[in-house]
Structures are given as structure tokens and as C-alpha cells.
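Asks: Sequences listed follow chains C and D, in order. Mapping of the first sequence onto the numbering used here: position 81 corresponds to residue 81, and the numbering continues sequentially without gaps. Mapping of the second sequence onto the numbering used here: position 220 corresponds to residue 220, and the numbering continues sequentially without gaps.
What the hints contain is simulated information worked out from the structure, not anything from laboratory work. Glycine included, each C-beta is placed from N, C-alpha and C at the ideal position. Don't take every hint at face value.
[Unchecked claim] According to the in silico footprint, chain D covers these stretches of chain C (three or more CB under 8 angstroms from chain D):
(1) 9-15
(2) 122-129
(3) 164-171
(4) 199-207
(5) 265-271
[Stated by the list, open to error] Simulated coverage check for chain C against chain D, where a stretch passes if three residues somewhere in it have a Cβ under 8 angstroms from a Cβ of chain D:
(6) 138-144
(7) 149-161
(8) 216-229
(9) 244-250
[To be verified] On the chain D side, residues computed to face chain C include the following (Cβ under 7 angstroms):
(10) Leu127
(11) Leu143
(12) Gln164
(13) Ala186
(14) Ile239
(15) Leu250
There are 2 protein chains.
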Amino acid sequence: MTLNRFMARLTTWTLPGMPEVRPGDDLVAMIADAARAAAEPGDPELGLLDGDILVVTSKIVSKAEGRIVAAADREDAITAETVRVVATREHPGGVTRIVENRLGIVAAAAGVDASNTEDGTVLLLPLDPDASARELAAGLRALTGARVGVILSDTLGRPWREGQTDAAIGAAGVHVFDDLRGSTDAAGKPLQVTMPCVADELAAATDLVKGKASGCPVAVVRGLDRLVGELDLPGAASIVRPSERDMFRLGSEEARAEGVAEGYEAGLVEGRGLGYSDGYADGFAEADAEDA
Amino acid sequence: MTLNRFMARLTTWTLPGMPEVRPGDDLVAMIADAARAAAEPGDPELGLLDGDILVVTSKIVSKAEGRIVAAADREDAITAETVRVVATREHPGGVTRIVENRLGIVAAAAGVDASNTEDGTVLLLPLDPDASARELAAGLRALTGARVGVILSDTLGRPWREGQTDAAIGAAGVHVFDDLRGSTDAAGKPLQVTMPCVADELAAATDLVKGKASGCPVAVVRGLDRLVGELDLPGAASIVRPSERDMFRLGSEEARAEGVAEGYEAGLVEGRGLGYSDGYADGFAEADAEDA
């Protein structure tokens, strides 16, 4: 299939034959081997080329890094990975905890993962996914000679929409945003606030071929050379919005409960006629005046 | 490039030469023409084939459907499209309103769009994006003979993560979820809660080639035949999580403010010694009775 020169094209495929990953495994060598094996005789294009982006399921990085704990300790592990509880909800099987983990990522169960793990174990996210991605990208560049980028993906739920999509939790050698701020749209108007998170879009795109159950944890993306760059580009940590700037830093029930407690105290003071001076709503102070 | 038979592959490309869309235009004919023009002589593969999925930027559907209003009426248009305010935030340029629109989609400015529009105008989302997608899919199937699926995409921000990704707001002839509930992972464990939103992942994947500024509003995705089905499959409306089941139905500040008001009333009653027995609601009822 040839391409009209005006067309943009992206192709993504999985690397077949990746063996099960165990603690201490050399992922760089395993991925390079799988990429080489994918290149059939007489068809060198399926190896790795300059500008390719590898999207690696973070789960295999966790396994290689030995981020495995006993399933019996799952709840403790979630607690240990949590820096802030965002929302909780009880359901018949227990309690879902949406938390901000030590990476700043807001995820159910802090990203602690019980699928595709050995019986009796759960996986923690890599300690530093951007560093892991950098190590993979540097290693693959050195071993294959191809200037590739690397993204580590994880599966995340999201507010307001059912289901999950894969997103980027680590990145190296690839731009995580296609920063269009300051450029113009086709009509010449400035695109002020548009900043597509291409790292998340790459993770989502490759989930379509990797699937969840197929044992294909690595996909290659070809056709986005423009996004590949130096290894010290900002990583996926730059995707995380600091909670103090987030309009959804707390679940609605949790935020409401905070408000009820705060409002109750204020109302109590007011009702007892004790008054108060600072803090609340000037509205309350005005109400005082009107009551009086 | 040939493919090892064990590999999964997805290819997506943009349709070049789509003319500017105007109210009343026949999008089916325009897309079919662009797909045919993309098929170079001797290379029929670039036409549309069974199992292809077209991802169409909803903006051009809005234009074809005449969903255009004067920019001066933008704030009124947002209000008209809004069924519920989720969160608001002031910034130097004005106020950002995150709202649930009449489609149930939570989006900044209700999805009212001022980019890639003619000067002095803004675009509303299609009245019924699933119906629009169904019309396009049915028309393209009839005109080209290829059993294609259609997704309408829009650009959405998201909590907790910077930037935007494209997501599906309309769909027809394509499964919007790859429902893995009840299947097993590679280790044989049940994948209970995993339900990848492939429609959103398709929208994200094609944004990588469509870009925002390039005038390429239509992309073809090939390689996911398994997701293409009947025209009456559930559309993108099935992606919307009803707000009563959403842990983030309100912004944190908005939910907190609700709680403060509720708590204050309860505290006031308590502080005045009016008492209340069980729950705030009862407390309010009693307070009413005593007031009377």
C-alpha cells in the first residue's frame, strides 16, 4: 500500500513472542530480540527504525523490577502507595479507593494491579516510570542503533465516562504533548488552549492492538517521527496536574463532607450566639448583622 | 511490509483533500470522494474496505448540519446547551464552565467550539451525534459497498491530567467497548472490571494523524474489523456515566460549598438549642415546625 504524499499515516503493531517477564530480566534485550524476530527474512522494515515509538505495558516493567508483593498484602500495598485519598466507594466486593499515588497519578487502587500476575501476588507500579522509560530508550537506542522513543502505559478509569483507556505513566525520548499553543487553526485563529496529550493518545492507540488478554505487552508505533526527541525531554510526570490546580481534587461526596463539617461548626457557633470574627463568609457576618 | 501472522496491526491515515464543509453539504459523498481520491491508480487498498472504521471530527458534522451561531452569543449558547453546571473557574480571560451538556457529556464550555470556525461564529455539537454517525455509516455502506463503522470525535480535557485527548461523542456500526468482563487474562484470572473504551481509544489514535491545525478532519482505521458490527449497536451515548453514579459529579469546590451550606443550617439549629434527632433532613423539618 503506497501513500498519497498529502496523507499522514500511523501504523502500530505488537511484538510477538515476548516471553513471560521475571524479576531481574533484561527488558532491553528481550524487546530488541522480539523486534528482530518480528522482521521476517527479506523484510527489514519490521525491525526498529529511527522515529519509532515503543509503548510498553508498565506491568512488565514492574515485573522486571521485582515490584511484586503478596496479594494478602494488597490493601496495605495500596495504602503504602497512596499519598492522598481522592474518593472512596463501597461496593459488594469491598471498597474502591481512588487515590493520588506517590507519582501524583490519580488511579483506582493506586495502580496496584492484580491482573496478569502470578497467583497470590499483585504488582506495584515501577518506582520511577520516567526513569524506567529512559533506561529502556537509552538501551534500545544503543543496542539497535534506532533513535526510538519509549512510553510506559497503564490502564486508567476516568470520571464521567464508563470503561477505561490506556494512558502514559512514563515516557522518554518522546514529546508527551503536541504543544499547539501559539499556533493557528486552519482558519488562522490562534489555538490558545489546545495541548493534545499525545503520550496518552499513543498509549490508547496501542491498547487497541495489545489488548488486555493476549500477552502482547509491547507495541511499536511508526509514522510519528516528529514526536521523537532527546532522552531528556520532560517525561510523563509532566502530564500530572498538581492537585491544588485541579477542579476535581476530591470526590464530590468527600468534598461535600468536608464542607458539612466546616459549615456545621460555623453554624453551631452562630446558633449559640458566640459569634465569630474571622474566617467565614462575610455573608455569614452580614447574616449576623441582619439577625441582630 | 508483510506481517508475521502472530502480530496484530492497526493502520490509520487521513483522507486528504476534504473541502471546507458548509451547511447542507452531503458528507457521505464528500468522504466517499476523498477516500476514492486517496486510492492511487493501481493501489485499490486505500479505498474503503469491509471492517474499516472512519473517525470523523464532529466539527465538520456540526458545520454540515448548520449548528452555527454568532460568536457574540457564545455564552448564551453554552447556557442553552447546559443541563447542569459541574464546576466553574475564573481565569484572566473569563470563566471556564465545566458542564454536563444535553448529551450527558461533561465538557468545558458544553462543547461549544470557537476554533476552526468562520470569524464571528461558534459551533454547537451535532444535535444527536449517534444519529449523525448512523446516517454517515449507513450512507457510506450504501455508497461504497464497504461495511464500515463511524465514530464522531471531539477534543476533551480531563481531571488530574494536563492537556486534552480526543474522545468519541458519536458512534455507529462499531463496538464502543471491548467488553472483557467475564474473560480471563493471560494467567487465566478473570478480568472482572476491565472494559476498554475502544471508541475513545480510536478517537485518540486518529487525533495523532489528524492533528488540530492540518485540515484533515477524517481518518480511516484499518485492522480492527472485529470491532465493526451492525448499525444498531449501542452508540457513544452508552459511554456517558449517569451523574448519580459518578464520584465526580460536582467540582470539589462546588460540592464543598453545598456541604458548607447544609452543615451551617444544621449547626445553626443545633446551636440555638432547637435540636434535631436523626439526620439533617429531619432536623430541618423540626426546625420548620418549631419556627411555625
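Asks: State for each hint whether it applies.
Replies: Hint check:
1. 9-15: Holds, because 7 residues of the segment 9-15 of chain C bring their Cβ atoms closer than 8 angstroms to Cβ atoms of chain D.
2. 122-129: violated (count 0)
3. 164-171: With 4 residues close enough to chain D, the hint holds.
4. 199-207: holds (count 6)
5. 265-271: Held - the segment 265-271 of chain C has 7 residues with a Cβ nearer than 8 angstroms to chain D, which meets the minimum of three.
6. 138-144: This one is violated; 0 residues, fewer than the three required, reach chain D with a Cβ under 8 angstroms.
7. 149-161: It holds: at least three residues are needed, and the segment 149-161 of chain C offers 5 whose Cβ sits within less than 8 angstroms of chain D.
8. 216-229: That given contact holds, which follows from 3 residues of the segment 216-229 of chain C lying within Cβ reach (below 8 angstroms) of chain D.
9. 244-250: holds (count 5)
10. Leu127: violated, 21 angstroms
11. Leu143: Hint violated; Leu143/D Cβ to chain C Cβ min 21 angstroms, cut 7 angstroms.
12. Gln164: holds, 6 angstroms
13. Ala186: Constraint on Ala186/D satisfied, holds at 4 angstroms.
14. Ile239: holds, 5 angstroms
15. Leu250: Cβ of Leu250/D sits 4 angstroms from chain C, so the hint holds.
Checked against the numbered hints given earlier, the structure breaks hints 2, 6, 10, 11 and satisfies all the rest.
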